[in-house]
Amino acid sequence: MNSERVAAIVGVAESGLGKASGKNVLQLQAQAAKAALDDAGLTKDDVDALFTAGNWAWAPTLMLAEYLGINPKYTDSTNIGGSSFEAHVGHAAAGIKAGLFNVALITYGSTNRTNPINVSYSNPLTGQYERPFGLPGTVGSYALAAQRHMYEYGTTSEQLAEIAVATRKWASLNEKAYKREPIEISDVLNSRLIAEPLHLLDCCLVTDGGGAVIVASKEVASNLKKSPVWILGHGESQSHHTISNMPDLTVTSARESGAAAFEMAGVTHDEIDVAEIYDSFTITVLLTLESLGFCKPGEGGAFVSGQRTAPGGAFPMNTNGGGLSYCHPGMYGIFLLIEGVRQLRNECGERQVKDAEIALVHGTGGVLSSTSTVILGRD
Amino acid sequence: MVQKIQDTIDEESRPFWDGLKKNELMIQQCDDCAKHIFYPRSICPHCFSDNISWKQSNGRGAIYSYTTIHQAFGPFKDDVPFVAALVDLDEGVRMLTRIVGEREQIAINKRVKVTFHQLKDDLVLPYFELE
Ligand SMILES: [Zn+2]
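Sequences listed follow chains W and Z, in order.
Heads up, the first sequence is in our numbering, so the first residue is 1 and it goes up one at a time.
Heads up, the second sequence is in our numbering, so the first residue is 1001 and it goes up one at a time.
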C-alpha cells in the first residue's frame, strides 16, 4: 500500500440491533454515536462534521445535530441508498484532506422491522413508468439481474445459495447476529420463491438497527487509545436509478468505484485480507465480486463455490454474518465499515480473520444503482 | 395507486399516457442524434439536444430479462404469480413491463409484441405477449 495517510476510522459501534423494541431512529443513532465516540476516546465536543442518510426527516443532519447537541461546521446527508456510508467515509477523508474539519461523525438508524416508514405507492416523476407494473422494486430488480446472469453464464441457484450458507456460518460465530442456526444449500433452494430465481434465503433480513463511524484526521487519530484504521482508498459511482436504465444487468458500477479505490490505495486484489461486500441479496455479492475484478465476468458462481467465502475459506467475506444473517435495517452500508474496522483491529474473537491488514468494504445502493468502495488498512 | 398515476401525469408524460388510451405506444426520438428515448424527457440523455419528437413505437421487441413474482405488495398483492420483465424494443429502448400469457413459454431473447391492458376506465398499461 502506498497511499498517503490523511484520515482514519478511529471509532465504530452499533446501536441495539434486531428488534429495537420501541426505540426511534434518533435514539438508535445517539446510542451508536455515544458508543463510537467512547470507542475512539473522543467526546461529542470534538465532532466538527456530521454525516447521516435517511428519509426520516426533510433535513436529517439538522434534526440529528440538534438532538445530539452538536454544532457541526460541515454536514453531508448524501443519500445513495445502502452505499451512502461508504460515500460518507470518502467524503469525510476528502474534507479532512482539504482542511475543512478534523473529526467526522457518521451515523445511521432505522426501525425498519418494528416501525417501518409507510411505503408509498405513489408514482413520483420517473417512478410513474415503472411502479404501475407492480414489480416489488428491490427484490424484483435483483431477480431480473440474477435471471440475466444465469442466462448469460449458466450461473445456478446452488451457486447463489453457497453465498447464503457461507454467510450464515460467519453469523453463527457472531453473538450479535439475528439468524445464527446453520443452513444447508438445500435449505436455501427449498425456501419459498419470492421473485424467481431468488428464494427467501437469498434475501437479506429486515431488522432494526443503527451504527456510527468516527473519521478523524491523521493528527487526531495518532493520539487516541486504539490504533487507527487508515482510509487508503475510496471510489464512488452510479449507473442508473430505475432498473430499466441499467445498461447491463450483470455489471455494476463497482467496476468504476472499485477501480478508483484500488488505484487510490495502491493495493492489488491479492493484498485484500478480508472483504465486506453488501449482501442485500446473494446475487448482489456475486455481481459485485465480478465487477470489482476478484474474478472475471461470469466466473462469480465458481468463485463462491465450495464455501470459499466461509470461515476457513480462501476468501473471507461478510465476516459478521452480513445483511443475510446478521442485520439489515434498510441501508446496511455502515455495518460493513464497522466490521471491516473490527477485523483490522483484531477484535473479532472467534470470527477473526488471522493477520488481517487490509480490508475492502463495498456498499451497493438502490436497485444495483450506486456503489461506493473503501479500502482500509492498519499500521 | 391507480388514481395516483393520474396525479403524476404532467406535460412531459401526458403524450405517453394519452397514447396508451388510443392503443399506441409512444416513445421519443432525438431530432439531432436520431437515438430513441424512453422514458419521456425534455432533453436527450445521449447528446443533450432539446429537439425531441414523439413517435409511435412498432411495439415489438425481445425479452432482456424477466422474473416471476410470488410476493408483491400493496395494490399488486393479489396479482401473484405474475411475470415482470425488461423488454428491449426494436427502436433500441428498454422498458419495464409485464409479460402475459403462458408462463412456461417465457424466456430471455424471445420476441414479444405490445398488448394494451385496460386497468381502469382511463388507464391503459403496455403489457407484452409472446409473438
Ligand atoms: Zn440526441
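Simulated from the structure, these hints should not be mistaken for lab results.
What you are looking at is a predicted structure, and each value in this text was computed from that prediction instead of being measured.
Among the clues, some could well be false.
EDC-like mimics (lysine to aspartate or glutamate), calculated; alpha carbons at most 20 Å apart, straight line [as the list claims (entries may be wrong)]:
(1) W:K34 x W:E66
(2) Z:K1077 x W:E152
(3) Z:K1110 x W:D248
(4) Z:K1110 x W:E152
(5) Z:K1035 x W:E350
(6) Z:K1110 x W:E66
(7) Z:K1021 x Z:D1032
(8) Z:K1113 x Z:E1131
Practice task
Sort out which numbered hints this structure fails and list those numbers smallest first.
Solution key: 2, 5, 6, 7
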